[in-house]
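As a plain string of letters, each chain reads:
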Amino acid sequence: MQTAIEKTAIKEMNTDFEVRSLDTICINESTLQHPWWYNFKYMFAGIFFGILLVKAEVISWFRIQEMFRLQSFHMYGVIGSAVVVGAVSIFIIKRFNIKTMYGEVIDLSPKQFNKGQVYGGLLFGFGWALTGACPGPLYALIGSGATVVIVILLSAIAGTWVYGLLREKLPH
Amino acid sequence: MIFTMLFKKLETNSLFQQINNIKMNFLELLRQPWPWYISGPLIGLMVPALLLMGNKNFGISSSLRHICAACLPAKIPFFQYNWKREMWNLFFVAGVLMGGFIAATLLANPAAVQVNPKLAEELSRYGISDYHSLVPTEIFNWTNLFTLKGFIIMIGGGFLVGFGTRYAGGCTSGHSIMGLSNLQWSSLVATVCFMAGGFIMANFILPFILNL
Chain D
1 MQTAIEKTAI KEMNTDFEVR SLDTICINES TLQHPWWYNF KYMFAGIFFG
51 ILLVKAEVIS WFRIQEMFRL QSFHMYGVIG SAVVVGAVSI FIIKRFNIKT
101 MYGEVIDLSP KQFNKGQVYG GLLFGFGWAL TGACPGPLYA LIGSGATVVI
151 VILLSAIAGT WVYGLLREKL PH
Chain A
1001 MIFTMLFKKL ETNSLFQQIN NIKMNFLELL RQPWPWYISG PLIGLMVPAL
1051 LLMGNKNFGI SSSLRHICAA CLPAKIPFFQ YNWKREMWNL FFVAGVLMGG
1101 FIAATLLANP AAVQVNPKLA EELSRYGISD YHSLVPTEIF NWTNLFTLKG
1151 FIIMIGGGFL VGFGTRYAGG CTSGHSIMGL SNLQWSSLVA TVCFMAGGFI
1201 MANFILPFIL NL
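Protein sequences, first through last, are from chains D and A.
So in my numbering, spot 95 of the first sequence is number 95, and the numbers just go up one at a time.
So in my numbering, spot 32 of the second sequence is number 1032, and the numbers just go up one at a time.
Because the hints were derived from the structure by calculation, they are not lab data.
Possibly wrong hints are sitting among the right ones.
Cross-link-like lysine-lysine pairs, in silico, DSS-like; alpha carbons within 25 Å at most [to be verified]:
{"no.": "1", "chain 1": "A", "residue 1": "Lys1075", "chain 2": "D", "residue 2": "Lys169"}
{"no.": "2", "chain 1": "D", "residue 1": "Lys169", "chain 2": "D", "residue 2": "Lys115"}
{"no.": "3", "chain 1": "D", "residue 1": "Lys99", "chain 2": "D", "residue 2": "Lys41"}
{"no.": "4", "chain 1": "A", "residue 1": "Lys1118", "chain 2": "A", "residue 2": "Lys1149"}
{"no.": "5", "chain 1": "D", "residue 1": "Lys41", "chain 2": "D", "residue 2": "Lys94"}
{"no.": "6", "chain 1": "D", "residue 1": "Lys41", "chain 2": "A", "residue 2": "Lys1118"}
None of these values were measured; they are calculated from a predicted model.
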């Protein structure tokens, strides 16, 4: 009985894994079971990130327009230095085999290339220049008091939903 | 050196006043826009922070998918997964929202956004002159939702953000920061396409939309 339950659990997990690996999100999943409130630490990380987004002005429509018109170095500096710090951090994590705070091995999954990165990338680029926001800034903008951005976020959720609906028919 | 200076100052000022001054100066500094060489590296630190907290890949656009899976899966295979396992991501974006609120209230910068004069000159031709918000309030307001211009920019733009990021398998955080940090070719392709799409829109299409 015990093994049967375990087997179905594994099977369920594997199909789940397959669906998610298709667009490479959250593949490395913890086998540890934590109570839900352990997730609050991610909320604090989010608060920190939200403050950064506002104070760096990267959520400003004006900054995005400057970036795409090559009128300011600011955005390139932010993204560029973030990538350098991120890359060095990942290098250190890999080199010294650093574990998570719960002692799990950190494994980074490769992102497979598909044509979606070109088509989807261009479409997102259009949306980015129009709204001046990518998904992260949408949340931060709503928090900062630009209430009409709620509509943009709902529209983005609708866009994701329509993508899910049309996924099989789109070239990948 | 600093200590002796501080000590000398302390002799003239009261301790309380001194601490208050330092606090005020620091808060004043935090209220200014943060330069890229401060904010960029701090954003980069989100990558190892999330990995160390629980092996999580930095990415925001996935939250839109989890919201679809939670609220309206509609038997679409793409939304058939246990979104509760990805709850961390929803906590993270809720935090981003709260962070936006904190930054806009406690750390608000009263001055207008400083933009390149060339951009200001261009935008003034479309009737955009209010720089006191992070978004131009002439476009991004509730009544404008019902005009063609506002509809294209807000509803159309939002739709493209949601559709495009999922089609590309990530957004600026997932591809451009997390993916590039992990030296992924596909993320470089995606980032180049984000930029190309943005260039085309901002320089060739948006001017027509703003003139509507």
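Quick rundown of the hints versus the structure:
{"no.": "1", "hint": "A:Lys1075 <-> D:Lys169", "verdict": "holds, 16 Å"}
{"no.": "2", "hint": "D:Lys169 <-> D:Lys115", "verdict": "holds, 13 Å"}
{"no.": "3", "hint": "D:Lys99 <-> D:Lys41", "verdict": "holds, 17 Å"}
{"no.": "4", "hint": "A:Lys1118 <-> A:Lys1149", "verdict": "holds, 23 Å"}
{"no.": "5", "hint": "D:Lys41 <-> D:Lys94", "verdict": "holds, 23 Å"}
{"no.": "6", "hint": "D:Lys41 <-> A:Lys1118", "verdict": "violated, 43 Å"}
Hint 6 alone, counting from the list given before, is not met by this structure.
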